[in-house]
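**Student:** These protein sequence lines map, in sequence, to chains Z and L. Position 171 (the first sequence) corresponds to 371 in the numbering used here; numbering is contiguous. Position 173 (the second sequence) corresponds to 433 in the numbering used here; numbering is contiguous.
For the record, the hints were derived by calculation from the structure and aren't laboratory data. Any given hint could turn out to be false.
If the Cβ cut is set under 8 Å, some of the chain Z residues that face chain L in the computed set are [stated by the list, open to error]: (1) C265; (2) I316; (3) L318; (4) D321; (5) I322; (6) Q325; (7) A327; (8) G332; (9) V350; (10) G351.
Anything over 12 Å on all C-beta distances counts as not near chain L; from chain Z, calculated [as the list claims (entries may be wrong)]: (11) D228; (12) G343; (13) I368.
Quick list of simulated restraints, FRET-style, between CB atoms [stated by the list, open to error]: (14) Z/Q312 to L/Q317: 51 to 57 Å; (15) Z/D249 to L/T324: 44 to 50 Å; (16) L/S478 to Z/P225: 52 to 58 Å; (17) L/T324 to Z/A327: 34 to 40 Å; (18) Z/R231 to L/G366: 55 to 61 Å; (19) L/E391 to Z/R252: 39 to 45 Å; (20) Z/A327 to L/Q467: 20 to 26 Å; (21) Z/P230 to L/T463: 27 to 33 Å; (22) Z/E242 to L/T324: 36 to 42 Å.
All residues carry an ideal CB built from backbone N, CA and C; glycine is no exception.
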Amino acid sequence: MNRRFLLAAALASLATPLAARPAMPLHDAPRRIPSPPFSDGEGRKLTLDNFRGKVVLLNIWATWCIPCREEMPTLDRLQGQLGGDDFHVVALSIDRAGLPAIRKFYQEIGIQNLTIYLAEDIRVQFALAVQGLPTTLLIGRDGDELGRLVGPAEWDSRKMISLFETVIAEERNP
Amino acid sequence: MNNIPKINRLKPLRHLAWGALAIVVAASAGHLAWRTLYPSTEPARVVVTGEALIKSQFSLIDHTGQRVSELDYRDRWQLVFFGFTYCPDICPTTLSYVANILDLLGGDADHVAPLFITVDPARDTQEVMAEYVSVFHPQLIGLTGTEAEVASAAQSFRVFFEKRTDETAPDGYLMAHSGYIYLMTPDGKYEAIFLEGRETPETVAEQIQLRIEKENRS
Chain Z
201 MNRRFLLAAA LASLATPLAA RPAMPLHDAP RRIPSPPFSD GEGRKLTLDN FRGKVVLLNI
261 WATWCIPCRE EMPTLDRLQG QLGGDDFHVV ALSIDRAGLP AIRKFYQEIG IQNLTIYLAE
321 DIRVQFALAV QGLPTTLLIG RDGDELGRLV GPAEWDSRKM ISLFETVIAE ERNP
Chain L
261 MNNIPKINRL KPLRHLAWGA LAIVVAASAG HLAWRTLYPS TEPARVVVTG EALIKSQFSL
321 IDHTGQRVSE LDYRDRWQLV FFGFTYCPDI CPTTLSYVAN ILDLLGGDAD HVAPLFITVD
381 PARDTQEVMA EYVSVFHPQL IGLTGTEAEV ASAAQSFRVF FEKRTDETAP DGYLMAHSGY
441 IYLMTPDGKY EAIFLEGRET PETVAEQIQL RIEKENRS
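The following block holds chain Z by itself, in its conformation from the complex:
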């Protein structure tokens, strides 16, 4: 009986759809993180400091990463819904192929709201301890890492949106 239950539980865990996964896990305490240097589609030099004052969702991705490609439309819709003075999605590509590869992909999937950001792969990997893609960081208004998710997600799900809205509200009134 007990064993059958365990087996059923094990089988159920084999097939959890993306949408049924928990929202982004948050750290117990915010973590200071260094910012890798990066640039936007126009070649402007940036760091995460340029986004101080906003809650940032930093998604590290590359065009060769299939799960990254698949979750990108959900990040685009998220930026459309929450992007503004309080919140910004930074989809940071570490493609060695550079801007043309990113532009092509953005065009192919019809990105509406996301800006192009590009960084040197190794700078990102070491600055933010990234060893698998996609890796997504939730960053508070003061630049600290609040949470991190390795692997893809449905970023515009109701669960995610309410998480981000809560963080935006909390961080507004410390």
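Given chain Z's structure and the hints, the job is docking chain L onto it.
**Tutor:** Only chain L this time, still in chain Z's reference frame:
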């Protein structure tokens, strides 16, 4: 859902593999070698005498379609690592790590054969490997073969891998950490192991350059 161009042909495979395929590469011999090299945290020191069990021995197809063995790289140091291109959940960054090492080596990269051996030959055909390695570095060499050939190559490096069908387990995360990179002498003997995330590409490049210089002097 959204159409995923370019690597589109992999999409049907994804449906076939519902539950997803995760491959965990556990390099137990790698661990042993690592402990030997860096025993500082271990009070009980592991001492290995004699020749390492790990050796470079394989017969595989490179990404240009040529049948190759370790003998084809006799004139170079081999920088060998195992992996796969099909990552439904989390994609390892090992190829970009190795690409950075090659960048840092500059001209010395000519003395190095960077060999990326797939552990998923069913999906990683020669064509897939050719497209994939070209994204990272022109000098990278992708190797594939039959299941048996790949298993035999893995065995010679004492690399253990198995297919898992559990998409939600933390295995996906472990998989991303399996970045063991073997430096083998030009005659295919074990020389050193590097670990992605543990050593910067600068350190690895320096370690390789030191050996190339030493060899040039002798």
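**Student:** Each hint needs a verdict: does it hold in this structure or not?
**Tutor:** Here is how each hint holds up against the structure:
| no. | hint | result |
| --- | --- | --- |
| 1 | C265 | holds, 4 Å |
| 2 | I316 | violated, 17 Å |
| 3 | L318 | violated, 13 Å |
| 4 | D321 | holds, 4 Å |
| 5 | I322 | holds, 4 Å |
| 6 | Q325 | holds, 6 Å |
| 7 | A327 | violated, 12 Å |
| 8 | G332 | holds, 3 Å |
| 9 | V350 | holds, 6 Å |
| 10 | G351 | holds, 5 Å |
| 11 | D228 | holds, 19 Å |
| 12 | G343 | holds, 23 Å |
| 13 | I368 | holds, 27 Å |
| 14 | Z/Q312 to L/Q317: 51 to 57 Å | holds, 53 Å |
| 15 | Z/D249 to L/T324: 44 to 50 Å | holds, 45 Å |
| 16 | L/S478 to Z/P225: 52 to 58 Å | holds, 53 Å |
| 17 | L/T324 to Z/A327: 34 to 40 Å | holds, 35 Å |
| 18 | Z/R231 to L/G366: 55 to 61 Å | violated, 36 Å |
| 19 | L/E391 to Z/R252: 39 to 45 Å | holds, 40 Å |
| 20 | Z/A327 to L/Q467: 20 to 26 Å | holds, 22 Å |
| 21 | Z/P230 to L/T463: 27 to 33 Å | holds, 30 Å |
| 22 | Z/E242 to L/T324: 36 to 42 Å | holds, 38 Å |
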